[in-house]
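Order-wise, the sequence lines are chains A and B.
Just so we're aligned, residue 1 is where the first sequence starts under our numbering, counting upward by one.
Just so we're aligned, residue 1001 is where the second sequence starts under our numbering, counting upward by one.
Note that these hints are calculated values from the structure, not bench results.
Ideal placement from N, C-alpha and C gives every residue a C-beta, glycine not left out.
Be aware that one or more of the hints could be misleading.
As the list claims (entries may be wrong) - Interface residues of chain B toward chain A, partial, derived using beta-carbon atoms under 10 Å:
{"no.": "1", "residue": "ARG1004"}
{"no.": "2", "residue": "ALA1005"}
{"no.": "3", "residue": "VAL1006"}
{"no.": "4", "residue": "ARG1051"}
{"no.": "5", "residue": "LEU1056"}
{"no.": "6", "residue": "TYR1084"}
{"no.": "7", "residue": "ARG1093"}
{"no.": "8", "residue": "LEU1095"}
{"no.": "9", "residue": "ASP1106"}
{"no.": "10", "residue": "HIS1109"}
{"no.": "11", "residue": "GLU1240"}
{"no.": "12", "residue": "ASP1242"}
{"no.": "13", "residue": "ILE1297"}
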Amino acid sequence: MREYLQEISALTMRWVRRLSREKFSMLFTLVQPMLFWLIFFGNLFQRAADTQVVQAPTYISFLAAGVVVMTVLNNGLAGGVDLLFDKENGFLERLMSTPIHRTSVILSRFLFVMTITSLQVLVILGVAFLFGVRPATGFLGVAVILLIGLLFGVGLTAISMALAFSVKSHGDFFSVLGFLSLPMIFLSSALVPLSAMPAWMSLLARFNPMTWAIDAVRPLILSGWAAALGPVAMVVVIMVAFDALCLYGSAKAFRRAMG
Amino acid sequence: MMGRAVAIDVSKLGKVYDGVTAVQDLSFQVYAGEIFGLLGPNGAGKSTTLRVLITLLRPTTGQATVLGHDVVREAEAVRRLIGYVPQERAIDRFLTGREHLLLLGDLYHLPKDESCRRIAELLKLVDLEGKADLPAKTYSGGMKRKLDIACGLLPNPKILFLDEPTLGLDVQSRLRIWEYIRRLRERGITVVMTTNYLDEADQLCDRLAIIDEGRIKALGSPSELKTALGGDTLSLTVGEADMGRVELLASALKGLPAIRAISTRPTGLEIRVESPEKALPAVLEAAGRLACRLEFIEYHRPRLDDVFVAHTGHAIRSEFPEAEE
């Protein structure tokens, strides 16, 4: 057990070190979702979006939940990228030839991605706060938002790692990623509530786990506990099933890739 | 060779990937304290063999033991006893040399002070002390390779596995890497390495296995392999105008006492001879008699190239080193 902790903390510190050496890219990953989606999109559509339709005092307060979950989505889907590079340049092989527990590398990646995502979510909620968005459920509500983010993020990171272990080249990886990311966002309640969508889109959006996550985060920000408890309970059940499925798939991909 | 301790025992090993046979029916032993080479062209199955031995691949058939531990059932025990130096570039460009070693120290569960002590020693061994705290992206190919080797040695392994240790390096770096590898043998470490460089196999390895198309074609020390070919080689380059008479010359020489084998080449003949003193006069006499003008005569002791060609039927293709999968 002590050995296991030593491995995992060393491997996690490696990701942290790497990030700190890539200050430029760190800045952009951190700033991009808030700047582009929350600030620009939120303010741009302030008057175009009908507050009757979005059921929120301002569009930015409606959008905050969507941007939070989008950040989880993007971080999760990109979570396997570094493992992909490790696989391609042989570093992963070097790690796996040492007497470490077979799950350590993967677990360190989960730890790292989840920590970064949680920090980013907090920053986004902070920026939203500056634009007048006060979470209706207070600090406890923010904690629940982080929990939902973690539950969704684990499954997404697992998908990303499974993909990283399965693809032949990183070109394939980024093609699949690009193909997944935007449709996931548009076919969800991130930008528009389901009730305002064309029937076929809202039907598809209902099968998107992202929709369920957003529909739980949104009342935590906008309405209060009475409205939020139902969707939160629902999303926990859905995410546990989603995570189980993704972890099963990624464990299989990992075992296949590692012979 | 009798009575030497066996460090690695491979028996009827086979590996099939997605229906493609990478290696089959490999059997060999590596003795404790020797430098053992797996020589072959890219795609021959060397790296696959190495990966099975370091427990990164499960064999499809057969078995292998490393210091008495089965590489599948006792993989964990094997990993604790070995060090591995992958092909170049297995380096995180954002980490410094020291950080690489510290990371591996934790993965081998070394206590902090022990880890630091060994790291200082290894950085000295590979002359990287001055650059230890710079990110690896600033390192040259040779320096990366030295760091690789230091990483492989950090666990104080009984056996060190090196995959193409000098692939793509300049001559000076290669010589230095060879020097380190010899020094390891002096320290009693068994070394197993793959290479597709004939000179490397010849000068560095105590024994080697020539692998081609997934099978072992020959096994032994470089000098044993060369001697086994039987005799030295005499290459005749015949004037273009006289190429028509080459077959005649070949049949005239066939059966002479000092001559063992003759093969025709586009530029002339290649003759395997028992002793050049006896063969050369006979060859010159026959050529003179047939008025077959010889432009160039080359005589050489068998080289590893000849061994390779004799056992595989083709030259090793090392002019275009490609990344191996």
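### Task
Could you tell me which of the hints above the structure violates, numbers in ascending order?
Per hint list: 1, 2, 3, 11, 12, 13 violated.
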